[in-house]
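If you read the sequences in order, they're chains A and B. Using our numbering, you'd call the opening residue of the first sequence number 2 and step up by one each time. Using our numbering, you'd call the opening residue of the second sequence number 69 and step up by one each time.
Keep in mind that a hint or two might mislead.
Claimed, not checked - Far from chain A by the CB rule (all over 10 Å, computed), these chain B residues:
1) GLN87
2) PHE92
3) LYS240
To be verified - DSS-like cross-link-like pairs, simulated, lysine-lysine; straight-line CA separation at most 27 Å:
4) B:LYS112 <-> A:LYS175
5) A:LYS41 <-> B:LYS99
6) A:LYS179 <-> A:LYS16
7) A:LYS109 <-> A:LYS121
8) A:LYS121 <-> B:LYS198
9) B:LYS198 <-> A:LYS77
10) A:LYS28 <-> A:LYS146
11) A:LYS117 <-> B:LYS85
12) B:LYS72 <-> B:LYS85
13) B:LYS99 <-> A:LYS16
14) A:LYS109 <-> A:LYS41
15) B:LYS202 <-> A:LYS121
16) A:LYS170 <-> A:LYS87
17) A:LYS179 <-> A:LYS146
18) A:LYS77 <-> B:LYS72
19) A:LYS109 <-> B:LYS198
20) A:LYS77 <-> B:LYS99
21) B:LYS85 <-> B:LYS99
22) B:LYS85 <-> A:LYS41
23) A:LYS31 <-> A:LYS87
24) B:LYS99 <-> A:LYS179
25) A:LYS77 <-> A:LYS179
26) A:LYS41 <-> B:LYS112
27) A:LYS175 <-> B:LYS116
28) A:LYS116 <-> A:LYS77
29) A:LYS41 <-> A:LYS77
30) A:LYS116 <-> A:LYS87
31) A:LYS16 <-> B:LYS112
32) A:LYS16 <-> B:LYS116
33) A:LYS158 <-> A:LYS20
34) A:LYS160 <-> B:LYS198
35) A:LYS144 <-> A:LYS170
36) B:LYS112 <-> A:LYS186
37) A:LYS146 <-> A:LYS16
38) A:LYS109 <-> B:LYS202
39) A:LYS49 <-> A:LYS121
40) B:LYS72 <-> A:LYS116
I should point out that these hints are in silico values taken from the structure, not numbers from a laboratory. The structure presented is a predicted model; accordingly, all values stated were derived computationally and were not measured. All residues carry an ideal CB built from backbone N, CA and C; glycine is no exception.
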Amino acid sequence: MGKVMILNGSPRAPKSNSKIYSDIFRKYCKLDTEYFNISKTNHIELCKKIGEFSDVLVVFPLYADSLPVTLLNFLKNLELNPPEKKPVISLLVNCGFIEYQQNDIAVKMMEQFCKKNEYKMGSVLKIGSGEAILTTFFNVLVKMKIRRLAYSVANKKYKTFTLTMPLSKRSFIKASTKYWDNYGKNNGVTHEEMDTMNIES
Amino acid sequence: MSEKMKLILSDTNLNIKPQNDTTFIDLSSLKITNCVGCFGCWTKTPGKCVIRDDAVKVYPLIAKSDRVMYISRTKYGGYDTVMKTMLERAIPIQKAFIRLVNGETHHVQRDVLPKSATIIAYGEISDEEKEIFKDLILRNAYNMNFTDYNIIFTSEEMLEETVRGEVLKWEK
Ligand SMILES: Cc1cc2nc3c(=O)[nH]c(=O)nc-3n(C[C@H](O)[C@H](O)[C@H](O)COP(=O)(O)O)c2cc1C
Numbered sequence: 002m003g004k005v006m007i008l009n010g011s012p013r014a015p016k017s018n019s020k021i022y023s024d025i026f027r028k029y030c031k032l033d034t035e036y037f038n039i040s041k042t043n044h045i046e047l048c049k050k051i052g053e054f055s056d057v058l059v060v061f062p063l064y065a066d067s068l069p070v071t072l073l074n075f076l077k078n079l080e081l082n083p084p085e086k087k088p089v090i091s092l093l094v095n096c097g098f099i100e101y102q103q104n105d106i107a108v109k110m111m112e113q114f115c116k117k118n119e120y121k122m123g124s125v126l127k128i129g130s131g132e133a134i135l136t137t138f139f140n141v142l143v144k145m146k147i148r149r150l151a152y153s154v155a156n157k158k159y160k161t162f163t164l165t166m167p168l169s170k171r172s173f174i175k176a177s178t179k180y181w182d183n184y185g186k187n188n189g190v191t192h193e194e195m196d197t198m199n200i201e202s
Numbered sequence: 069m070s071e072k073m074k075l076i077l078s079d080t081n082l083n084i085k086p087q088n089d090t091t092f093i094d095l096s097s098l099k100i101t102n103c104v105g106c107f108g109c110w111t112k113t114p115g116k117c118v119i120r121d122d123a124v125k126v127y128p129l130i131a132k133s134d135r136v137m138y139i140s141r142t143k144y145g146g147y148d149t150v151m152k153t154m155l156e157r158a159i160p161i162q163k164a165f166i167r168l169v170n171g172e173t174h175h176v177q178r179d180v181l182p183k184s185a186t187i188i189a190y191g192e193i194s195d196e197e198k199e200i201f202k203d204l205i206l207r208n209a210y211n212m213n214f215t216d217y218n219i220i221f222t223s224e225e226m227l228e229e230t231v232r233g234e235v236l237k238w239e240k
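So here's chain A without its partners, still in its complex pose (with noise of 0.2 Å):
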């Protein structure tokens, strides 16, 4: 039997989004699955550890239209200290727009590090609006994604799937204003304080 490694790429990882999809991922799994925060100062533990599993699952958010920069890292530091048996690595992205696709770039860097350093790639779920999906009732379509993403790892039935809110541009510009309004004022902050053309003054 396989054991599955999570690897969370976020860089605010104990409070993630990535860490709410992961845990969803463990509780549908039915491989073993051990779960890491990348930090800055576990690169080489996660290394060494990483040989000890079938797959790898790189759970992550599109940060500037790609990787962030704590995943990068490590993936930098992987290609240098890479294990003797190389996992097969599947990728759970989320962006915050609607748009799933904009995760494209994300797993197309994804690839070339596959590519280069010879892992296989497996399954990949991009999820758009993934910021605020979770807090919808649209959290259901999430865990039956999740779902079948843990089904097609586990099998080594590797596949593409995506996910976004079933609602129009429109809608989700209006929903998406709500959520960053109560966001700000669970800071007591406004949304005029919010909407400051201002920079640093």
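Put chain B with the ligand on the given structure of chain A with help from the hints.
Positioned in the frame of chain A, the structure of chain B with the ligand alone reads:
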């Protein structure tokens, strides 16, 4: 908004002498840690990053520039660490709020000048990586308020010469 300027952000020090309206910043000489994704710059202290390191001096300059030149090594078809760290730390110049740009959802900009961008990617870059990098800059253009851009791939040896040539074009 105060007067326009031109900005060169580089991940390495270069021996170039741009004109007075151009600021050259060697990012590798600055202390810039990575964005921690707290969204403080949108929802706590809007327009200001809560991490008070050198990045807070750089993103206001990005906002004020109508011409930018980003000079960076690449990795896996994207920006390498030094440049990418800075670009991630530049999100205070956008608002949390979302709008449509060319039919896609993107963030609303604060007081950010539309800009013409020259992107110089250097090092050994495969053809596949070049294609990914071009796709990346196309996406960046929507998110970073580029009106137009030009991507140049060059070797490390040719870098200074390439940059000098591009800076000269700005001065014409
Ligand atoms: C610095 C920064 C850059 C981001 N860049 C993008 C982007 O280019 N496109 C996008 O759709 N979302 C972007 N996001 C939004 C995140 O991808 C989104 O909030 C995600 O849900 C965060 O996941 P996490 O909680 O697992 O870190 C960015 C967020 C931050 C903090």
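Verification of the supplied hints:
{"no.": "1", "hint": "GLN87", "in the structure": "holds (24 Å)"}
{"no.": "2", "hint": "PHE92", "in the structure": "holds (20 Å)"}
{"no.": "3", "hint": "LYS240", "in the structure": "holds (30 Å)"}
{"no.": "4", "hint": "B:LYS112 <-> A:LYS175", "in the structure": "holds (21 Å)"}
{"no.": "5", "hint": "A:LYS41 <-> B:LYS99", "in the structure": "holds (16 Å)"}
{"no.": "6", "hint": "A:LYS179 <-> A:LYS16", "in the structure": "holds (21 Å)"}
{"no.": "7", "hint": "A:LYS109 <-> A:LYS121", "in the structure": "holds (13 Å)"}
{"no.": "8", "hint": "A:LYS121 <-> B:LYS198", "in the structure": "holds (22 Å)"}
{"no.": "9", "hint": "B:LYS198 <-> A:LYS77", "in the structure": "holds (19 Å)"}
{"no.": "10", "hint": "A:LYS28 <-> A:LYS146", "in the structure": "holds (13 Å)"}
{"no.": "11", "hint": "A:LYS117 <-> B:LYS85", "in the structure": "violated (38 Å)"}
{"no.": "12", "hint": "B:LYS72 <-> B:LYS85", "in the structure": "holds (19 Å)"}
{"no.": "13", "hint": "B:LYS99 <-> A:LYS16", "in the structure": "holds (25 Å)"}
{"no.": "14", "hint": "A:LYS109 <-> A:LYS41", "in the structure": "holds (24 Å)"}
{"no.": "15", "hint": "B:LYS202 <-> A:LYS121", "in the structure": "holds (25 Å)"}
{"no.": "16", "hint": "A:LYS170 <-> A:LYS87", "in the structure": "violated (41 Å)"}
{"no.": "17", "hint": "A:LYS179 <-> A:LYS146", "in the structure": "holds (26 Å)"}
{"no.": "18", "hint": "A:LYS77 <-> B:LYS72", "in the structure": "violated (38 Å)"}
{"no.": "19", "hint": "A:LYS109 <-> B:LYS198", "in the structure": "holds (12 Å)"}
{"no.": "20", "hint": "A:LYS77 <-> B:LYS99", "in the structure": "holds (21 Å)"}
{"no.": "21", "hint": "B:LYS85 <-> B:LYS99", "in the structure": "holds (23 Å)"}
{"no.": "22", "hint": "B:LYS85 <-> A:LYS41", "in the structure": "violated (36 Å)"}
{"no.": "23", "hint": "A:LYS31 <-> A:LYS87", "in the structure": "holds (21 Å)"}
{"no.": "24", "hint": "B:LYS99 <-> A:LYS179", "in the structure": "violated (36 Å)"}
{"no.": "25", "hint": "A:LYS77 <-> A:LYS179", "in the structure": "violated (39 Å)"}
{"no.": "26", "hint": "A:LYS41 <-> B:LYS112", "in the structure": "holds (25 Å)"}
{"no.": "27", "hint": "A:LYS175 <-> B:LYS116", "in the structure": "holds (25 Å)"}
{"no.": "28", "hint": "A:LYS116 <-> A:LYS77", "in the structure": "holds (14 Å)"}
{"no.": "29", "hint": "A:LYS41 <-> A:LYS77", "in the structure": "holds (12 Å)"}
{"no.": "30", "hint": "A:LYS116 <-> A:LYS87", "in the structure": "holds (12 Å)"}
{"no.": "31", "hint": "A:LYS16 <-> B:LYS112", "in the structure": "holds (17 Å)"}
{"no.": "32", "hint": "A:LYS16 <-> B:LYS116", "in the structure": "holds (22 Å)"}
{"no.": "33", "hint": "A:LYS158 <-> A:LYS20", "in the structure": "holds (24 Å)"}
{"no.": "34", "hint": "A:LYS160 <-> B:LYS198", "in the structure": "holds (26 Å)"}
{"no.": "35", "hint": "A:LYS144 <-> A:LYS170", "in the structure": "holds (23 Å)"}
{"no.": "36", "hint": "B:LYS112 <-> A:LYS186", "in the structure": "holds (9 Å)"}
{"no.": "37", "hint": "A:LYS146 <-> A:LYS16", "in the structure": "holds (22 Å)"}
{"no.": "38", "hint": "A:LYS109 <-> B:LYS202", "in the structure": "holds (12 Å)"}
{"no.": "39", "hint": "A:LYS49 <-> A:LYS121", "in the structure": "holds (18 Å)"}
{"no.": "40", "hint": "B:LYS72 <-> A:LYS116", "in the structure": "violated (43 Å)"}
Hints 11, 16, 18, 22, 24, 25, 40 from the list above are not met by this structure, while the remaining hints are.
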